[in-house]
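Novice: Sequence:
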Amino acid sequence: VEPVQRCMATTANPETGIRDADTLGALQAHGHQNFSVYAVAKNNGTLSLGDKLKLID
172 VEPVQRCMAT TANPETGIRD ADTLGALQAH GHQNFSVYAV AKNNGTLSLG
222 DKLKLID
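Here this note's numbering runs 171 ahead of the position in the sequence shown, where the first position is 1.
Please keep in mind that the hints were generated in silico from the structure rather than gathered at the bench.
The beta carbon of each residue, even a glycine, is placed where N, CA and C say it ideally should be.
There could be a bad hint or two in this list.
Simulated DEER-style distance windows between Cβ atoms [stated by the list, open to error]:
| id | residue 1 | residue 2 | range |
| --- | --- | --- | --- |
| 1 | G196 | S219 | 28 to 34 Å |
| 2 | N184 | S207 | 32 to 38 Å |
| 3 | S219 | A192 | 17 to 23 Å |
| 4 | K223 | A183 | 32 to 38 Å |
| 5 | P185 | S207 | 35 to 41 Å |
| 6 | R190 | L218 | 30 to 36 Å |
| 7 | N215 | D191 | 21 to 27 Å |
| 8 | V211 | I189 | 36 to 42 Å |
| 9 | E173 | T194 | 17 to 23 Å |
| 10 | T187 | I227 | 20 to 26 Å |
| 11 | L220 | R177 | 19 to 25 Å |
Produce the complete structure using the sequences and hints provided.
Specialist: This is the structure in structure tokens:
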């Protein structure tokens, strides 16, 4: 599992191309700029909204 940081493209309005959304600043207010994580599942299955996940080393 490793964090995924994002570039300045996430701050751009897709219709105008103008960088007017402070998505990275909003994340930094929480102490990071990670949008997601990379992970590999050990088993096949289905996840549903509300399911709990557990990190296994």
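Novice: Each hint needs a verdict: does it hold in this structure or not?
Specialist: Do the hints match the structure? See the list:
Range check, G196 to S219: about 32 Å between beta-carbon atoms, so the 28 to 34 Å window is met. The beta-carbon spacing between N184 and S207, approximately 21 Å, falls outside the hinted interval of 32 to 38 Å. Between S219 and A192 the CB atoms are about 30 Å apart, so this pair departs from the stated range of 17 to 23 Å. Checking the proposed 32 to 38 Å range against K223 and A183 shows it holds: the Cβ atoms sit about 35 Å from each other.
Between P185 and S207, the C-beta spacing of about 19 Å breaks the proposed range 35 to 41 Å. Against the hinted window of 30 to 36 Å, the Cβ-Cβ separation of R190 and L218 comes to about 33 Å, which satisfies the hint. Hint check: N215 to D191, Cβ distance near 42 Å, so the stated range 21 to 27 Å is violated. The supplied range of 36 to 42 Å is met by V211 and I189, whose beta-carbon atoms lie about 37 Å from each other.
Remark: the range hint 17 to 23 Å for E173 to T194 is upheld by a beta-carbon distance near 20 Å. For T187 and I227, the hinted distance range of 20 to 26 Å is not satisfied, since their beta carbons lie about 44 Å from each other. At about 24 Å, the CB distance of L220 to R177 agrees with the hint of 19 to 25 Å.
The structure does not agree with the numbered hints 2, 3, 5, 7, 10 stated previously, though it agrees with the rest.
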